[in-house]
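Each protein sequence line maps, in turn, to chains A and B. Residue numbers for the first sequence follow this note's numbering, so the first one is 1 and each next one is one higher. Residue numbers for the second sequence follow this note's numbering, so the first one is 1 and each next one is one higher.
Please keep in mind that the hints were generated in silico from the structure rather than gathered at the bench. Here a beta-carbon is modelled for each residue, glycine too, at the ideal position from N, C-alpha and C. Each hint should be verified, as a subset may be incorrect.
[What the hints assert, rightly or not] Here are some chain B residues pointing at chain A (derived, C-beta under 8 angstroms):
1. A107
2. E209
3. T210
4. K212
5. L214
6. D217
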Amino acid sequence: MNAIEVLDMDFGYEQEKLFDCFRLEVKQGEFLGIIGPNGAGKSTLLRLIAGLLKPEKGRINLLGHDLNKISRKQIARIAAVVPQESFFAFDYTVEDIVMMGRNPYLGRLQQPASVDYDKVNNVLEFVDAAVLRHKGINEISGGEKQRVVLARALAQEPELLLLDEATSHLDISHQHSILRILAQLNNQGKTIVFLSHDLNLAALSCSRILLLHHGRQVACDCPERVITPELIKSVYGIEPLLLRHPKTGRPQVMLPSPILPKSIP
Amino acid sequence: MHRHKGAAWAGLAAFVLIAALCSISIGPGGFLHISRTVLVFRLLRLALGIMAGGVLSLTGAALQGLLRNPLVDPFTLGVASGAALGASLALLAGAGTSLLLPVASFAGALFTIVAVYFLARIKGRVTVTGLVLAGVIVSFLFSSLVMLVMVLGHRPMGQAIYLLMGHLGVAFTRHSLWLFAGSSVVMLAGCGILFSYSRELDIMSSSEETAKSLGVDTSRVTKLIFVVSSVLVGLVVSFTGAISFIGLVVPHLVRMMFGPAHRQVLPGSFVLGAGLLLIADIGARNVVPGGLPLSVVTSLVGVPFFIYLLRRRF
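For reference, chain B alone in the conformation it holds in the complex (with noise of 0.2 angstroms):
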């Protein structure tokens, strides 16, 4: 059924060192009369695009396997918007460019997808609708809490829409550098447990009980993918903030050209991700002078894709 393995491997390469190219190249001065500091600026954000787009769709890749439900990403589940709820609390703390913003982050992500499980827990059973009405939910309070916190500690209303939007417009300092370096090591890391549950993962998209009988053990499973993906995720947001859909919509491309296999989905989908968002910042930066937040870009393709699935029944 999908024999072309190979070709799509290599058309997605093919795509990432295009997006690459474009992302360095395109922008006020071209490529060829910009200053050493403007490259190293957009490589950079280069680097911050491939990991976040990366690291957000492989993540929307395995909880979508996991839970069965092929509307879910670390947005419909809220643990976007607890991350950067602990990342605006860190800011708000004098966190600047510490270790504290990246770890604040991750907590909230953490709190949130164990505070979205126990809510959607009733009489000892976790519901797929369940948890994402209760991810939902969590992730309007949490965006209304990231404002108040931003309102109240006086911060500009920028950095709050930067935040809850995402933008890769980081200013590194050598402080920051090292820390995004560290968090990238860990990123990595997290995207290569994830993908030693590959079949685990395959297996789980039937139902839980089946599961269960063909030996595996499910609850740890979950537990221990919601841990991981809450470190990928808060990460993530503690560069970039929250950028909304790419998690969701990349997986779904990417399964159509590589088949379910999460063996090649979850891989495909940190290449096909990284490339999209590269993409999506282009047009983020130079559409409007001063630019967009991300999630803009990525709503306004996430969003017409989202109904598609919807009507399609998934």
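Just chain A, same shape as in the assembly (with noise of 0.2 angstroms):
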């Protein structure tokens, strides 16, 4: 079955159209990358797929489960959405925090039952934030919030985990826990739709990688088909210098050098 499947979907803002009969397919257990310039529309494209926006024309289906006919909770026990930057109005502590992921799975006047304490445990170890459970969610670093936050996701036992620049914000150290366990996750059967910038990152993780420009699809292939200069260069307009991951020989791109050679004297 396919984890998601968009179907001939228009969407816009205003006057101006972003996508026109927009296709796309994404099997179970996939690791999806998604890149492409700013206003490509990979945000919209992801929060279509989160059921946070609603198409115009066409429809998205969830492991067959056509968006429109199902509840929100529904919803989020199939897909989980981690954002770019997470705001907390008020200081929760990371467990709480954690348990909202369960809100799913509980009805309107439950209480969580020691099913969901366990479940919110688990999550918290896998993401290795055991530690943190008992501190405020604003006391805590950005990199933890992010670590927390996946947990969150986690804790609503999703097919579908969708990341919106989920690492965007966090340093080399915290970026790399990250995929790590997404990695783990991907592993264990999930798919994985992850949106990015960072084209060495998408490149490194994903194992297709599907190229927006202006909502229309460039390219959706295996990252070595995607990453090349040509299509790098037709999207973005700089040519990059494309080399060879030593470990996993998987492309990775730098930047031509910006620094204009000193004349001499």
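If you follow the hints, you should be able to join the two separate chains into one complex; please do so.
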């Protein structure tokens, strides 16, 4: 079964049409990267898939369920979102925040039971944040916060994890730890959609990469066929240097030097 | 982090009890040398104070969570002045103690919240700042309209001031007593409904989009809380007039005691709000002969607190 099916979808803001008859299929267990320049529609596509925006035309199915026909709680049991940044108006504890991920499984007046507390403990340990449990969410570092938000997403027990620039604000050590967790989840069979500006991170982690430009699919293939100097140039307008990752052989890009050679006097 | 919840609850209960005893016994004649009539009067005043303080504070807490804005309460949203306008129109129509008064007051509150909501709706989106700004503007307008209505209706200025600035000195008749009893049942039910949305409020305090992706139907919850809040504020204002700042200050104090979870913050705000309003009322009626409007006292405490919140950047 396909994890995601976007079928002939139209969507735009105001008068400007962004997606016109857009199609995308993502199989279960895939690790899909979405890249593209600013304004390409990456974030919009992710929010449409998460049911946070409604397509003007066409349909989106998650695990065969039409998004228009299932409730928010049902969507939340299938797909979880990790945003770039999270805002917390009040200083809830880390445990409280992760417990919010159990909401899709709780009835209106139902209180979390021991099964929910176990789940919260498990996901906190999985993302290596168990020691933070009783800390306030606004007292911990940005990298720790992002791991906690990831734990909250995992507490939803989703089939599909949607990450919207989730590693952009993090230092390389936290980026690495998030990507390692994602790889582990992907090995367990979870479908992951990883949206990023960082071409190298995407090339390193994803099994397939969707390159978007003005709401159109420029390419959607394995990293070797998408991260090429020609395609990058055609979309971003600069020609990068292409290297291979010494350990994995995946393509990695480097910027051409911005420094003009100094004339020797 | 918040291990002493039991002790905090015990402290709150003790505080309200002491506030209630003070409220009954402080005043001309003390406690021992008052007639039965005065005692009944003070007991009713006590009941009214508990309901008004409790309901306004609980509503303030719910609105702060819903709108992710610690500076919001029934007043910054203009709901209270809308309710006062409804009440003033009903008074002008001669609805002294009839059911029309609370109904008109509720209608004013609901109209205001809907008007503010649509005023703040720009390009299909309602922003938190837009909502608060619209609320403040509408609040100014409606306060002026209340004055206009009262003057045109040849009502005493004192009545207009009490309507806009609150008081607990309601002269109950047999009829209005029944009205108050019925309203209290409705208000407690409304508080119960808000309480039943504690978890949704917790989740919505991060962001609307996050709340949606965690399975909360945010637009439905928002509408429901707006309607229930209008009922609550409308009923309170129809008896006491608009009392400022209590709904803003109390939830912050309760969060300091219990942490931010609405399951504690909502009932805690009801209890602390009830106690604090009783204390404010003791001040309002005993400091100056003839008494002061309640908002004079609550503002003197509320404004410095508001400034503190603003400086601390919430």
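- Minimum beta-carbon distance criterion (8 angstroms), E209/B to chain A: holds, 6 angstroms
- Query: Any CB of chain A closer than 8 angstroms to the CB of T210/B?
  - Reply: Hint on T210/B: holds, closest Cβ of chain A at ~7 angstroms, below 8 angstroms.
- Message: Hint validation: K212/B versus chain A, beta carbon distance must be below 8 angstroms. Holds or violated?
- Response: At 6 angstroms from the nearest chain A Cβ, K212/B passes the 8 angstroms test, so the hint holds.
- Query: Any CB of chain A closer than 8 angstroms to the CB of D217/B?
  - Reply: holds, 5 angstroms
- Query: Does A107/B pass the interface check with chain A, least Cβ-Cβ distance below 8 angstroms?
  - Reply: violated, 29 angstroms
- Residue hint L214/B, partner chain A, criterion CB-CB below 8 angstroms: This hint holds: L214/B lies near chain A, its Cβ roughly 5 angstroms from the closest one there, short of 8 angstroms.
When held up to the earlier numbered hints, the structure conflicts with hint 1 and nothing else.
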